[in-house]
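Chains as they are written, first to last, in the numbering used here: chain S, 35 to 138; chain Z, 35 to 138.
Be careful, since some hints might not be right.
Which copy is meant is left open, because identical chains are indistinguishable; a pair holds if it fits in one copy or across any two.
[As the list claims (entries may be wrong)] With a straight-line cut-off of 20 Å between C-alpha atoms, the simulated EDC-like cross-links for lysine to aspartate or glutamate are: (1) 36 x 101; (2) 36 x 117; (3) 36 x 108; (4) 36 x 100; (5) 44 x 90; (6) 44 x 101; (7) 49 x 90; (8) 44 x 100; (9) 52 x 101; (10) 44 x 57.
Source of the hints: derived by calculation from the structure; they are not laboratory data.
2 protein chains.
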Amino acid sequence: MKVASLSVRKFDAAKMQKLNLFETERFFCDVYCLEPGQGQQVHTHAGSDKVYAVLEGSVVAQVAGEEQVLAAGEAVLAPAGSEHGIVNRGAQRAAVLVFMAPRP
Amino acid sequence: MKVASLSVRKFDAAKMQKLNLFETERFFCDVYCLEPGQGQQVHTHAGSDKVYAVLEGSVVAQVAGEEQVLAAGEAVLAPAGSEHGIVNRGAQRAAVLVFMAPRP
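Chain S with its partners taken away, still in its complex shape (with noise of 0.2 Å):
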């Protein structure tokens, strides 16, 4: 059976980090992993939902314009067709933890 970890990290001062955990046709898991100040700009899928849970320091979500601190222990969901981002805009090192289905 595929067995994957939540504590994987990877940062790199250049950009914002994805690491794959599972991959089907029908979804993605991935951690991603924010030095201070990286993000994954705003941007929209039509036809998939996606879900953003901190795991490790706290990041600020934009959802359909709105946009809320998240701390470790906190997910929201961008729905299919909203604009949505996370950027870290806080001193430490930031890991979240993406799913997103369908797989765009």
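Since the structure of chain S is already known, use the hints to place chain Z on it.
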């Protein structure tokens, strides 16, 4: 925006509890809460993939005839069509983040 906490818990001596965090036409995301001895019986979804990610405690994951102990911070993929289930064989309560796509 819809924010949820991965820390939600509800335990019941009668059976494993399922707490929904997010649900759309495309997927659901729950937290399963298992007292020692409780579990989700092995079953199969023909067209949906599932991820179990252990948040607290540990569970034995059963996927496609294999068994493996998953500690907190470990996750497993149960691909569509594979028999899968979890059981808490530990002495502590367990909580598991569950992601399924598409929603059955």
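| said: Name the hints, by number, that the structure is in violation of. | reply: Failing hints, ascending: 6, 8 and 9.
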